[in-house]
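Could you build all of it, start to finish, from the sequences and the hints given here?
Protein sequence lines correspond, in order, to chains A and B. If you count the first sequence from 1, you need to add 107 to reach my numbering. If you count the second sequence from 1, you need to add 54 to reach my numbering.
What follows is a set of in silico ranges between Cβ atoms, one per label pair, in the way DEER data are often shown:
| hint | chain 1 | residue 1 | chain 2 | residue 2 | range |
| --- | --- | --- | --- | --- | --- |
| 1 | B | Thr202 | A | Asp161 | 51 to 61 Å |
| 2 | A | Asp161 | B | Glu301 | 32 to 42 Å |
| 3 | B | Arg428 | A | Val134 | 28 to 38 Å |
| 4 | A | Asn138 | B | Gly70 | 55 to 65 Å |
| 5 | A | Glu133 | B | Asp408 | 40 to 50 Å |
| 6 | A | Val134 | B | Ala300 | 27 to 37 Å |
| 7 | A | Asp161 | B | Gly106 | 56 to 66 Å |
| 8 | A | Glu133 | B | Lys165 | 42 to 52 Å |
| 9 | B | Asn313 | A | Glu152 | 20 to 30 Å |
| 10 | A | Asn138 | B | Lys165 | 36 to 46 Å |
| 11 | B | Asp408 | A | Glu152 | 20 to 30 Å |
| 12 | B | Asp277 | A | Val175 | 54 to 64 Å |
| 13 | B | Lys138 | A | Asn138 | 44 to 54 Å |
| 14 | A | Glu125 | B | Lys165 | 55 to 65 Å |
Honestly, the hints are just simulated from the structure, not real lab data. Idealized CB from N, CA, C, for every residue including glycine.
The chain contents come next:
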Amino acid sequence: MPGMFIDVRVEDEVASDEKLARKLVEVCPVNIFAVDGSRLRIVEENLDECVLCDLCVQAAPPGTVTIVKLYES
Amino acid sequence: MRFYEYESKALFRRHGMPLGKSGLARSADDARRIAGEIGGPVVLKSQVLSGGRMKAGAVRFADHPGEAAAHYDAIVPIVVNGQKCRAVLVEERSGVAQEYFAAITWDGRRKCPVLVFSDMGGIDVEEVAEKHPEHVSKTHFSSLLPVTPRIAKQAISATGVSGDALNRLTPIVFELMRIFLAYDLTLAEINPLARLSDGRFLVLDGHIDLEAEARGKHRKLLDELGIQPAETRQAREATPFEIAGAEVNAKDHRGVAGNVVEFDGNLGLVIGAGGGSLTLFDAVRKHGGRPANYCEIGGNPSVNKAKELTKLILSKPGVEKIAVMMNVVSNTRVDIVARGVIKGCIEAGKKPADVIAVFRIPGAWEGEGFKILRKYGVDYCDRSVSMYEAAGRAVAKMKA
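See the structure below:
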């Protein structure tokens, strides 16, 4: 379930890559990502805290992490 | 942080200020014993963090120890402006020939301390300044350069005091200046500072306010005076609404969304930024609005924190709308506050467009913030609308 203002979409190739998943956890300043076992999980209650820093977008292969501003749709 | 009179006097005593014989009574027996030790007429004064003691009957005079004990029992139950009596100060009663006023406070406009002196003490100094301005002097001095007795002497002589009185008053007022600077006070006041009929000069009453942020720095002094770390010394007990505001702020380390003070109006305020809170609160009142609260947001609080503060304010009985207004923000982000406030409205079961009277936060990420506000139909404005004008818009909507 997305936030009210922000959704973060992650391609499965990234979500299932433990190394990349942990990288996303490390870079996000507002704890939108967590790792369960070896798989990435989106922490839904933190989605609206996204500060649009793009660090997650830069940490993953191009086009695999997308920040969606729901208020623009 | 306000000191009780007996604490102020304890501090004065350490600095050699002239004080009469006194003792702090916590029982009628104490009052009887202290009055007996003083050995003459005494005055009993309720120790409350408020003025208006005399009018409330919380200051009484006794001619003998038995009467002092009886007055103690009469004074203790008296609540003065909502303040309960902590103890009773029993002091020697002095024959006063003349009363003076001396106070040092901080002048925010001049950005330095100001010494206010009057040779008409014992009464409201504002009234004296209005009716007898020639009897009040205001002297600014540096908090950085060394202070000298000359500054005190000039301030006193400016009210027409001369001769022996000037020479006797100068060291007392000078010491008050030193105390003000040494302990980071926001107010150091003696009223009255009396010349007695026997020629002595005595500090009859004192009032000290310590800068709240300096409590840590002066912990040793506060410990010695018996002031506990948990004592906030606010003018009144915090209300459940204010306590809930403090809890909102404490839940998350990011930014500030708290310092809530409850009022009885119908316009909730989500305000802040670089002194903006006070300015905006005053502007709302100037326009005839009735604030339901004061608060401070700043330092870029999280979305959740802004949301919880908004929900709290909207939950207050009588609140019809909220005004979200800040000075121009730099580190606080407009879009983050906008998200929090809108989310708070929706979670409170209100439509943001209906309940937000005005949203005026210009500055960092305002373009993104305005997109959010447009999406939810909220009336917003940028920095071309002043804080005063924004407050006026909010009040006008309340009256519509």
